[in-house]
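J.: For reference, the chains in residue letters:
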Amino acid sequence: MRPVREALASFRRAPLLGGLSITAIGLSLLILGLFGLSAHNIGSAISDVERRVEVVGYLLDDVGEDQVRVARAELEAFPEVEEVRYISKTEALVNARRDLVEFSDVYQDLEVNPLPASIHLRLRPGYRDTKSVEVVAQRLAGYQFIEEVRFGEGWVEQLFALRQLAAGAAAILGGAFALVAVLLIGTSVRMAILSRSEEIGIMQMVGATEGYIQRPFLVEGAVTGLLGGLIALGLMRLGYDLLQRRLTGFEHILWLPETWIVAGLLGATALGGLAAGYAVWRELGKTYAI
Amino acid sequence: MIRFRNVTKRYPRTGAAIENVTFHVRKGEFAFLTGHSGAGKTTVLHLAHFQTVPTEGQVQVSRYNSARIKRRQIPDLRRRVGYVFQDFKLLDQLTAWENVAFALHVTGTPRKEVDARVQRLLSQVGLASKARSLPEELSGGERQRVVTARALATDPLVLLADEPTGNLDPRAADGVFQLFRTINRLGMSVLMATHDADLIRRNAEIRVLELEHGRLVYDSEAPAVGTELAGDGEDSGSDPATAPREEIA
Chain A
1 MRPVREALAS FRRAPLLGGL SITAIGLSLL ILGLFGLSAH NIGSAISDVE
51 RRVEVVGYLL DDVGEDQVRV ARAELEAFPE VEEVRYISKT EALVNARRDL
101 VEFSDVYQDL EVNPLPASIH LRLRPGYRDT KSVEVVAQRL AGYQFIEEVR
151 FGEGWVEQLF ALRQLAAGAA AILGGAFALV AVLLIGTSVR MAILSRSEEI
201 GIMQMVGATE GYIQRPFLVE GAVTGLLGGL IALGLMRLGY DLLQRRLTGF
251 EHILWLPETW IVAGLLGATA LGGLAAGYAV WRELGKTYAI
Chain B
1001 MIRFRNVTKR YPRTGAAIEN VTFHVRKGEF AFLTGHSGAG KTTVLHLAHF
1051 QTVPTEGQVQ VSRYNSARIK RRQIPDLRRR VGYVFQDFKL LDQLTAWENV
1101 AFALHVTGTP RKEVDARVQR LLSQVGLASK ARSLPEELSG GERQRVVTAR
1151 ALATDPLVLL ADEPTGNLDP RAADGVFQLF RTINRLGMSV LMATHDADLI
1201 RRNAEIRVLE LEHGRLVYDS EAPAVGTELA GDGEDSGSDP ATAPREEIA
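Sequences listed follow chains A and B, in order.
Read in order, the letters of the first sequence correspond to residues 1 to 290 in my numbering.
Read in order, the letters of the second sequence correspond to residues 1001 to 1249 in my numbering.
Hints listed in this document are in silico derivations from the structure and should not be mistaken for laboratory results.
Nothing here was measured: the structure is a model prediction, and the numbers come from that model.
Every residue gets a Cβ at the ideal spot worked out from N, C-alpha and C, and that includes glycine.
Just to be clear, a hint being listed does not mean it is correct.
[What the hints assert, rightly or not] Pair by pair, the computed Cβ-Cβ distance ranges are: (1) Y278/A to K1112/B: 52 to 60 Å; (2) R1013/B to R190/A: 22 to 30 Å; (3) K1112/B to G168/A: 22 to 30 Å; (4) H1036/B to R190/A: 32 to 40 Å.
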């Protein structure tokens, strides 16, 4: 309880400094949060597209039903495969008549169905990258009754590259703003230490342990991080709700998942504590000379 | 108890503060550390309190050696070495009682024991009647007594005093000095820095270590300056954690 009591007393002693630190950290975390929101929406859009990644094998005309049944069972057992759909020649024609309206006349007058039957494989999350898709495509092509395999080679690669780019950008920008927050919290704690340097000096002289001296500052840093995180979250929600009401099309923008919010607040708290811990460890070290 | 072996302390800008200093203050001994301003007295006390480390040589205080001590061990050392400052370093917003209690609280003394110990310490330094006074309401001598009570709060084995009578009038200075003598008679080693020649002359039986330009130029007990004293091994290797505390209580 003493660290909490002293951390709160520190906020009371210097409310302006504490308020400025929390606001500055809140704004820094707001930018981080906005980037997180963008990343979440981009990620969600990419996942939507990725879900449509399919490996399609077109069958030769004379394939027996038993052969298809056995192949389906084998394909469903692949760890990468989430779903196997078989589309017969007849279904393919029905689909074509339905989807390709501009060619409906052509498909109406056919005496022989020219469309092949096909097997469609949808892949599990985590196996939608270029390499996994190619592996599955090769395995499908290995069946003798498969005439051709297609999986949109070019755009699967681009999609994967886009996701990598988004992840890289998130890591770099996220790291940069987290560093800004760490520096702000560290500076705030250093100022708090300086304002209590006389008291801390006496504590060190009479033999208080470093842990005893550090704990209130750790709590202060953690509380600063948490409050900054809450401010960032509040401002983001405020802006999000405002834009939802005012901007058409904004309703498609997703809000952050709860797990991200909890992780973000815990992260801000931990970041605050760690930044404060490092700052106080360095400051105290100067007087120990060891 | 306090052993300096060929200790040199150099600062990057000002050069050597002390050079090749060797001496040993034994358990229960009282010694004056004297010399002009800038002779290196405070540096010696800082080294003995591990506020700084030697550039060369070794400082040993009880079982703690400057060459081997870890940062986490320093608080433990500081509890065994009381320090009295010339400029007091009391917290102005706290009363005499609270200043002493502060040292007990921050070193983890159980709350229920604090009151009794503060009472005992303030009585020991003759200041029980001024317990509720703020530092600004106390005379210089009284403040120095509060500082001494605070330094004794952790039951140290050694008391280091940096010009403790420097800011006091002769009567108050004598009172503080007599307090140190009493503490010393109870078994605590005392190393007191002073440039008060009269005080040293009046107490000729007390050992004198004199510094000049950072060098130890006189040791009233040494056969020759710069050599190790004989018969000084009685406390080497002893664990202060197991030392009887009653001897200084």
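J.: Looking back at the numbered hints, which does the structure fail to meet, lowest number first?
T.: Those not satisfied are hints 1 and 3.
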